[in-house]
Amino acid sequence: MTQPPSQQPPQGGFGAPQEPQGTPQPPQQPETPPAAPPQMPPAPPQAPPPTQPGYGYPQAPGAQPGYGYPQAPGQPAAGPYAQQPGPYAQQPGPYGAPSGPYAQQPGPYGQQPGYGYPQQQYPGAPAPGGSGGGPFKGKPAVVIGAALAVVLVVGGGVFFAVSGSDEVKKPVSKSSGGAVDPSSSPSVDQGDGKGDGREADDDLNAGRKEGEAKVLWLTKNDVDLPRNGADVYGPWIVGDTLVKGMYRSVSGYSLADGKQKWNIPLPADMCAAPGTATADGKIVIGVMNGTTDKADCADLQMIDLNTGKTGWKKSVKKNGTWDMMSDIGLAISGDTVTVGRTSNSNAYRVSDGTELFGKPSGNCQPFAFAGGPKLIAATSCRTDDASNPQHQVQEIDPTTGKAKWSYQPKRGWEIDKVYSVSPLVVSLTQREEKKWSILALKENGTLRSQLVGDKEDKFSVDCGNDFSIFGANLEGCSGLAADANTFYMMTEDDTSGSGRTNKVIAFDLNTGKTKWKSPAPAERTMKPLRMEGGNVLVYLEPSYDKGGAIATIAPTGGAPKVLLQHPDSTTQIENFFSSRTVYAGGRSFVVSDRVSAGSDDEEKEQTIIMAFGK
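Under this note's numbering, the first residue of the sequence shown carries the number 1, and numbering increases by one thereafter.
Hints were generated in silico from the structure; no laboratory data involved. Wrong hints could be hidden among the right ones.
Capping the alpha-carbon separation at 27 Å, the derived lysine-lysine pairs in DSS-like fashion look like this [stated by the list, open to error]: (1) Lys404 / Lys359; (2) Lys561 / Lys546; (3) Lys359 / Lys402; (4) Lys503 / Lys561; (5) Lys359 / Lys317; (6) Lys282 / Lys318; (7) Lys313 / Lys294; (8) Lys314 / Lys374; (9) Lys317 / Lys294.
Using C-beta positions, here's what the derived DEER-type ranges look like [said to hold, decoys possible]: (10) Ala554 / Thr399: 37 to 43 Å; (11) Ser422 / Asp384: 32 to 38 Å; (12) Thr292 / Glu532: 41 to 47 Å.
Where a beta carbon is used, it is the ideal one built from N, C-alpha and C, also for glycine.
I would like the entire structure built from these sequences, with the hints used as guidance.
Next up, the structure:
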């Protein structure tokens, strides 16, 4: 419950908030960080029985609502430092958003009412990529992920919280995976240069300098898209094939020369995809069950990415009136694919389509999943106050659907994203107050640590274009990496100097404390991709006059070491509006996240994939 601003914060506790005097200042980090990670909080008291049936949907006569359906927005806290509860039970709450240019701005998920999951604002169709220059070329008009993070004091610990701004990037659900070396030698696509200011006979490698990689090939859009364009799903790399999905097709391209190996036409729009495929290269995608505005994302199609052949297909049946199928989230763990959406869930065997489990009984219902080596679920529990939700994190048996364990944060905090499944790192948000916390959990689901950041660092997460309304993708964020004991995150771009730059920061998962900070090269920004041989693999993003690069940061920190420098001469092509980068077999592949243009002719000149190698 929000306290009035005149009420003093609770006394005691490490770094308890104080009533602001004069001009409010951002909250301060305690002089001495906690010597040990915050302890697992006691379970909050049981919620009283709900006065009406339902799981958060506005009440209507005779209606049985579902979990987490939209509510009227709660009233904002009064004053810039209104006292709020943190994610841990029985701890004094943190400060609210600081005053100044970011006060009372929407957070990373906007100010929309929730649907059992923090929602985001649709930023609109992006401008065409692949041409133009300047330091802001290729950068979305909204800042991707959780932006402008500040550090707030909560009882015995410090956690991240978001003060949003109008520049809020929309997350996307994509995956950057590994792949084996292709067996054939690469060839160079000379390209015709249309749309990037080059002459028709220009060789893309003509301006390449010594030590720079070659442009192995590039592909342009050849699909006639709707007026507002379309998101690109993937990429997935299986063997010597790179696969992407877009609009009404899924296509596989040769890693060696970029030639299309296969194409699968779809009867309607592709609407969902998991971040990862099975170990043997199979995925299940979501396809709209019609082409009208009334169609739902309810059809599942299995695809073998090795061969480009389709397998089983089935429709997910609605489970009651409040089963919202307009958006779903898919995740794969082992041979199981889960279908998450508000108030309902299903799971199927990827290999043959057999349904393994559906909506469980009980007070708490999963609405989103993250896959990979483990199956992690975000659940929403029925409460008597829809504006004060109760969420849980669970590890789910992928065969039976039974929860192996449950972790319950303090009420009001919602499970936002799973940044890493193993080790388990989870993002939580307090939506009405636009606050953000990152927790590491142990193998048994107990609290491992709460990440502690320095107040001067503003953290950023790239979750792309996840425009779901009634569903949620728990996985798919990039700009992150993790090994057994360390979590790596990028900071927001710093534009205070002569050019854009940022840092990668390492956190000790056992204590939550910062281990080291690695600045990007001058006037460059970098983004963690994954771990590579014990090092942090990063993408040095292109600038207006410098090509991108693949580099590594040692597990002890230090400057990034370049593995593959992309040519400066093609930076204006590489500088996509928004993209996903994959490094596999010594080659890098930059794949557009979305294709959109002002006309059909321009649309078909948009570069979708660029491949670089030596």
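(request) With a cut-off of 27 Å on the C-alpha distance, tell me whether Lys282 and Lys318 pass. (result) Satisfied, since the Cα-Cα distance of roughly 25 Å is no more than 27 Å.
(message) With the threshold set at 27 Å, check whether the alpha-carbon distance from Lys314 to Lys374 stays at or below it.
(response) 25 Å, holds
(message) Hint check: Lys317 vs Lys294, CA-CA at most 27 Å. Holds or violated?
(response) Holds, at roughly 15 Å.
(request) Given the hint that Lys503 pairs with Lys561, test it: the Cα-Cα distance must not exceed 27 Å. (result) 14 Å, holds
(message) Hinted pair, alpha-carbon criterion (27 Å max): Lys359, Lys317. Please report holds or violated.
(response) 12 Å, holds
(request) Determine whether the Cβ-Cβ distance between Thr292 and Glu532 falls within the hinted range of 41 to 47 Å. (result) Given a distance of about 46 Å, which is inside 41 to 47 Å, the answer is holds.
(message) Holds or violated: the 37 to 43 Å window for the beta-carbon distance between Ala554 and Thr399?
(response) 40 Å, holds
(request) Given the hint of 32 to 38 Å, check if Ser422 and Asp384 actually sit that far apart at their C-beta atoms. (result) Taking Cβ atoms as reference, Ser422 and Asp384 lie about 36 Å apart, which means the hint holds.
(message) With the threshold set at 27 Å, check whether the alpha-carbon distance from Lys561 to Lys546 stays at or below it.
(response) 16 Å, holds
(request) For the pair we were handed, Lys359 and Lys402, check the Cα-Cα distance against 27 Å. (result) Since the Cα atoms of Lys359 and Lys402 sit roughly 11 Å apart, the hinted pair holds (cutoff 27 Å).
(message) Can you confirm whether the C-alpha distance between Lys313 and Lys294 stays at or below 27 Å?
(response) 20 Å, holds
(message) Would the hint linking Lys404 and Lys359 be met if the CA-CA limit is 27 Å?
(response) 16 Å, holds
Comparing the model with each numbered hint stated earlier shows that all of them hold.
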